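First to last, the protein sequences are chains A, B, C and D.
Position 79 of the first sequence, counting from 1, maps to 79 under full-length UniProt numbering, and the rest follow consecutively.
Position 61 of the second sequence, counting from 1, maps to 61 under full-length UniProt numbering, and the rest follow consecutively.
Position 91 of the third sequence, counting from 1, maps to 91 under full-length UniProt numbering, and the rest follow consecutively.
Position 119 of the fourth sequence, counting from 1, maps to 119 under full-length UniProt numbering, and the rest follow consecutively.
Quick caveat, the hints were computed from the structure, so don't treat them as lab data.
Computed from a prediction, not measured in an experiment: that's the story for all the values here.
One should not assume that every hint holds.
[As the list claims (entries may be wrong)] Below, computed lysine to any residue pairings styled on SDA-like, alpha-carbon distance capped at 25 Å:
1) D:K158 <-> C:H379
2) C:K270 <-> B:N204
3) B:K162 <-> A:E154
4) A:K162 <-> B:L324
5) C:K351 <-> C:R322
6) D:K270 <-> A:R266
7) C:K272 <-> B:S264
8) B:K158 <-> A:T381
9) D:K272 <-> A:E267
[To be verified] From chain A, some residues computed to sit far from chain D (all C-beta separations above 12 Å):
10) Y92
11) D210
12) R325
13) N356
14) E369
Built from N, CA and C at the ideal position, the CB exists for glycine as well.
Here is what each chain is made of, one letter per residue.
Protein chains: 4
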Amino acid sequence: MNRKICAVITARPSYSRVKTALQAIKDHTKLELQLVVAGSALLDRYGNTIDFIEKDGFTINEKVFMVLEGENKTAMAKTTGLGVMELANVFYNLQPDAVLTIADRFETIATSIAAAYQNIPLVHLQGGEVTGNIDEKVRHANTKLADIHLVASEDAKKRVEKMGENPNCVFNTGCPSLDIAAQVLKAPKLDFNPIEKYGGVGGNISAKGDYLVVMQHPVTNEYKAARENVLKTLRVIDDLNIPTFWFWPNVDAGADGTSNGIRSYREINKPKNIHFFKNMESVDFLKLLVNSKCLVGNSSVGIRECSFLGVPVVNIGTRQNRRLRGENVIDIDYNEDAIKNAIKLQLANPKKTKSNIYGNGDSGKKIAEVLANTDLNFHKTIMY
Amino acid sequence: MNRKICAVITARPSYSRVKTALQAIKDHTKLELQLVVAGSALLDRYGNTIDFIEKDGFTINEKVFMVLEGENKTAMAKTTGLGVMELANVFYNLQPDAVLTIADRFETIATSIAAAYQNIPLVHLQGGEVTGNIDEKVRHANTKLADIHLVASEDAKKRVEKMGENPNCVFNTGCPSLDIAAQVLKAPKLDFNPIEKYGGVGGNISAKGDYLVVMQHPVTNEYKAARENVLKTLRVIDDLNIPTFWFWPNVDAGADGTSNGIRSYREINKPKNIHFFKNMESVDFLKLLVNSKCLVGNSSVGIRECSFLGVPVVNIGTRQNRRLRGENVIDIDYNEDAIKNAIKLQLANPKKTKSNIYGNGDSGKKIAEVLANTDLNFHKTIMY
Amino acid sequence: MNRKICAVITARPSYSRVKTALQAIKDHTKLELQLVVAGSALLDRYGNTIDFIEKDGFTINEKVFMVLEGENKTAMAKTTGLGVMELANVFYNLQPDAVLTIADRFETIATSIAAAYQNIPLVHLQGGEVTGNIDEKVRHANTKLADIHLVASEDAKKRVEKMGENPNCVFNTGCPSLDIAAQVLKAPKLDFNPIEKYGGVGGNISAKGDYLVVMQHPVTNEYKAARENVLKTLRVIDDLNIPTFWFWPNVDAGADGTSNGIRSYREINKPKNIHFFKNMESVDFLKLLVNSKCLVGNSSVGIRECSFLGVPVVNIGTRQNRRLRGENVIDIDYNEDAIKNAIKLQLANPKKTKSNIYGNGDSGKKIAEVLANTDLNFHKTIMY
Amino acid sequence: MNRKICAVITARPSYSRVKTALQAIKDHTKLELQLVVAGSALLDRYGNTIDFIEKDGFTINEKVFMVLEGENKTAMAKTTGLGVMELANVFYNLQPDAVLTIADRFETIATSIAAAYQNIPLVHLQGGEVTGNIDEKVRHANTKLADIHLVASEDAKKRVEKMGENPNCVFNTGCPSLDIAAQVLKAPKLDFNPIEKYGGVGGNISAKGDYLVVMQHPVTNEYKAARENVLKTLRVIDDLNIPTFWFWPNVDAGADGTSNGIRSYREINKPKNIHFFKNMESVDFLKLLVNSKCLVGNSSVGIRECSFLGVPVVNIGTRQNRRLRGENVIDIDYNEDAIKNAIKLQLANPKKTKSNIYGNGDSGKKIAEVLANTDLNFHKTIMY
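In isolation and in its complexed conformation, chain A is listed as follows (with noise of 0.2 Å):
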């Protein structure tokens, strides 16, 4: 009998990163893969991660409303409880061998608890990273809730185990976002028009000469900062006047912050060099990426695919906060000359140096092997 992962997935970014990994499982002739999809993955305004996943050709076993609306903190303590409620209900339904809970995200701990408070084995991927907000806080918790953990780096294996995790349950398998990054970068052409092909809103720029590309997301415990932050960034992009490509953030507390930020920005100064998209293919964003002169913002892609792809990055403000990190990357405050200044320096200097720090771009199948042959057990104590 095959063993039955059950992976959850609550966000488009966590799809964007485990999806070479839940191909492998699906395909690995000793596993079987059951797909949850819950969280903001399945609304329209988070940009229907379900549709990609669909397309992508997974069948989703279980799909799961949890978010509460509000956007508040309060709301996410309470989306957090009823995805504890429901996933409780599909572990029960679903009998997996082992549950997939993915990075930190706050409701991935929802997952965490209900397979792990029905004695199922809990598989966590990314634990032993650093951040510094309710993220950190909620990945250890994860790392403490979980049997089997599948990291990125050496730097978090170490970590993962000093925590007092059995070594022998810790695997480094790299990044598995990596293993879309190495297919872009065997074919990197850009080829194809992204407004014509994802639409989206703002100026009608081109991507056949130099462009940026700018993600910034908010940070929880800067809530009311969001909009002001994002403000900064807008202000020095519409001022360089570069053609730059700018995605929306995911869901979080602060989400209505720098989102109102965005959309109030462009009703009233119709920044005519910079375009809006919602979501993008992966291997249409990493092309767009690999061809860009620099990622600006604070996502966690310029940390790791960046690195990989020896794309400069200029990352703002603490969100990446003590990440391991490549020389591509220079870090920056929410300062508007310091923020300009470090763009020009990547267009005029670019730091291109590639690294292998998070993985190879083989992690997905590293992982599928992992779940397949180790022992799935669901009774631990800390080691020292």
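Let chain A serve as the given structure and place chains B, C and D on it in line with the hints.
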């Protein structure tokens, strides 16, 4: 303005454990206690803990009904999810400066999430210990969600720090359950008739001569074995024919197994030497304990209070595995002969050595001092 | 394609009442039965109805744990809210052609909402009757949410139609609980020893001579009086000193009062002429009833089954107020003398007249026929 | 002691409708208003009703986030279930003497259940009317759960009584939405520039000449047709080329269809004669209405306020079917030609007859008087 400290009591043993800390918070000139009584602490069939709390003079700010009936693992998970949703409301309304979550029962993570996700500094009591079930996962996940750690031993302190917590936020305050034990040690005379005062059911035994005390809880991961295990202890105790005061287990996924085992054994065998209680005031319970010949079962009381009091203990099974213990304890498996022999050994050559590994009897005050004077913060990153 | 009829069983008495209808649906060539067992029907301490359901040969499609502990009115409301959330999932997954909600227990409105709000045709069983508590409100609200009405008497039919329901959608199928009564009437001999077969607790009485049966439920609106009321009946029955088989009440907001009253009376007074049961198979129960001298209490069994069977009834209090009744019933208040006199009257001059006001014993089949052949629709407007 | 009347506002139109009643309750010497704002009334993307409430000088006692994202029927059911759970807490804490539930939106039944199940007298506003969707079921179920009925017309009064409600508990107070209309009739001049004051998006039109107003809501049972229907109206209005102020629909299971229809039509066709608003203060809205040539759509405003104000209405589709209406209304199907002709007819020969079928403009005060002086009771039985 006084700091508002919101403590959430979800079960009888949690209350007993922290009672002196609650009192010290209430009495502290710089602190204001907000008390939330939740879960099984509200329920009649788990001993109406709330009545004891009110009789002790505490004002209850909120009651949270969250226990979903079912007594299986799915219900346990859903109770936790419901707890997150309810407690999110409670904290939103009470606006505490810090929330106190206690130890490692499954539903304590609901308190942790509801506080942490709303950016309320979280204080975790009794982290850093080692057991081997779902409470092991819960305890360490609570640690990773918490900002301040009040641990009960040097052993626990080291463990919490090694998990990457900031040593400035880890305080060895000892276990407040010993504060009551310290009072009892000063006046240990059994000055009441247990059956007269507390009713209960079973044989009409006397506490004037030699007697035993039994507390045996179900072990979550061995759900189905709970009934069988308690029957072993019942047969041994029945057979030994020494007057025995037996305390019902607290609620857990296996409560049913243990409770059913006891109920059916009683109906059929009507053991004359055993009297059963649901609950007892802490001071009375400790007096009963300090005058007993031996505590039998798997309660943490055998590890903590009894080490401080110098009461001999026969500790059965895995529930207290790897907990730091004094020299008063004999550890034994679920084997009837072994249990019987261990009890006989403690009767013949009682191990009465006292120790201070879990504190000196002043933990409540130490806890209040830390809460009054430490910086409260909800922003942390792992240390290494 | 067969019509999928999804029935939701939430409690022991609901199951007994509709068992033959479920069987007829299951057996019908044009229908497929989807069975959901929920609420107290899943719980050990309410008699493990689910075991009886499975023993009767039904396949259970979904189990829904939704009972929030607390046994107060707030918990009752929250159990209902939780039920809506859970059953919404269940119906989404099962995609039935119609949902069956039964009678008027508080949680049945959860079934109604979860179906109606998802545009699933809702069939309500046993609407149009009259009582006087929260179940009165629930019953008629169920009627207004339902599309098809299967009522148990002409009286009820008129009432449902007068509320504005389309007469084409109201069917007097009789009460299916009488189907079993009709079988029992054909072979009424008490061919088993109740205590041997069902255990229970209390006096070791015989069913060979004269005996009484008691069923007394708490009345929601008189929550605090439940304990007092049951004590009155207990004292009368104890005093009369006739062998009596007493059935525990089902779960309700007042269950605690009634159950506690019984428990404490038993502990203190140890009445030798009373034996207590939690549950009994329907056929056996009806045999016990048909051979008894009188049914005492406030159960609807006294109104329905006993009118059909011609069993004398002493009906106490307001719980069955305004229900259509046969000539077998003496109605009486909660007054010890009155209760005692009424029982004596039934013993001396038993009222044994049979009637068919609640059907002819073929309701199950009638219900299945309606479900197989009526237009199913979820769009209705009030008639006048 | 003043009677505490707890009103639950769950959506923008509900607030507009009862605003003067809330004011009259607040101002009444024998009453105390407890205001709970819940559901979409709290949410930014449904027009931030809460801001209007606060600006109107009301104190909000509790906020209840309960809207589950998803905009499908399952989410609608689950939102309702969640509402029951949350509101049960709220009423437990506020301990009102009566709870006010308003009209027939799907989530209003949550208010009804949470009150009725806790034995709090329930007052239902605007029962007894007729429509034809899920709100039809909800409205009458609310009636059956309620103890006091405050209806808006003689027609509605008869219907509620015929459903078996006690005539002593049914009061025709008229519709409080007309109270504001009565004020506006006294000073009907359009003394503000709508676009300057309220922003909004779309063509920069003037309210100085002739103009139309459109309000079109999705109809729950025709979920998929919502988009198509709104496009018909959009094309007609675009084609007529008369300045038109268009109001976005409120939240419903079909909100997405209607809103998406509007959004995509705007993006593609950029109609110059239409300006879109999310919300407007009631008085301003009624001034805009009273000076308009015609109201187009399916809003109940066309039936109530416009009959009182004598504003011509083109009412499209089934949403207002069987509602009592004045002579100002032309009813029409979703047919582009028919809609266009009806509007032209109203422009050429406007139907401006005023009527008092929904009250005289003093409903708020009448409602407060009933609440101050009627017996409050939670125990009822059907009348016949």
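Okay, the hints, checked on the actual structure:
Restraint check for K158 of chain D and H379 of chain C: the C-alpha separation of about 23 Å stays at or below 25 Å, so the hint holds. For the hint linking K270 of chain C to N204 of chain B, the alpha-carbon distance of about 17 Å falls within 25 Å, and the restraint holds. As the CA atoms of K162 of chain B and E154 of chain A are separated by approximately 18 Å, the hinted pair is consistent with the 25 Å bound. Taking the CA atoms of K162 of chain A and L324 of chain B, the gap is near 21 Å; set against the 25 Å cutoff, the hint holds.
In summary, the hint linking K351 of chain C to R322 of chain C is supported, as the alpha carbons are separated by about 19 Å, within the 25 Å threshold. Note on K270 of chain D and R266 of chain A: the hinted pairing holds, with a Cα-Cα distance of about 17 Å set against a maximum of 25 Å. Distance restraint check for K272 of chain C and S264 of chain B: the Cα-Cα separation of roughly 21 Å lies within the 25 Å cut-off, and the hinted pair is therefore satisfied. Simply put, K158 of chain B and T381 of chain A have alpha-carbon atoms about 16 Å apart, close enough for the 25 Å limit, and the pair holds.
Our distance criterion of 25 Å between C-alpha atoms is met by K272 of chain D and E267 of chain A, whose separation comes to about 17 Å. Listed as outside the interface, Y92 of chain A is consistent with that label: its C-beta sits roughly 18 Å from the nearest C-beta of chain D, beyond the 12 Å cut-off. The beta carbon of D210 of chain A sits about 29 Å from the closest Cβ of chain D, which is more than 12 Å, so the claim that it is off the interface holds. With a minimum CB-CB distance of about 34 Å to chain D, R325 of chain A clears the 12 Å threshold, and the non-interface call stands.
Listed as outside the interface, N356 of chain A is consistent with that label: its C-beta sits roughly 39 Å from the nearest C-beta of chain D, beyond the 12 Å cut-off. Listed as a non-interface residue, E369 of chain A keeps its Cβ farther than 12 Å from every Cβ of chain D; the least gap is roughly 37 Å.
In this structure, every one of the numbered hints holds.
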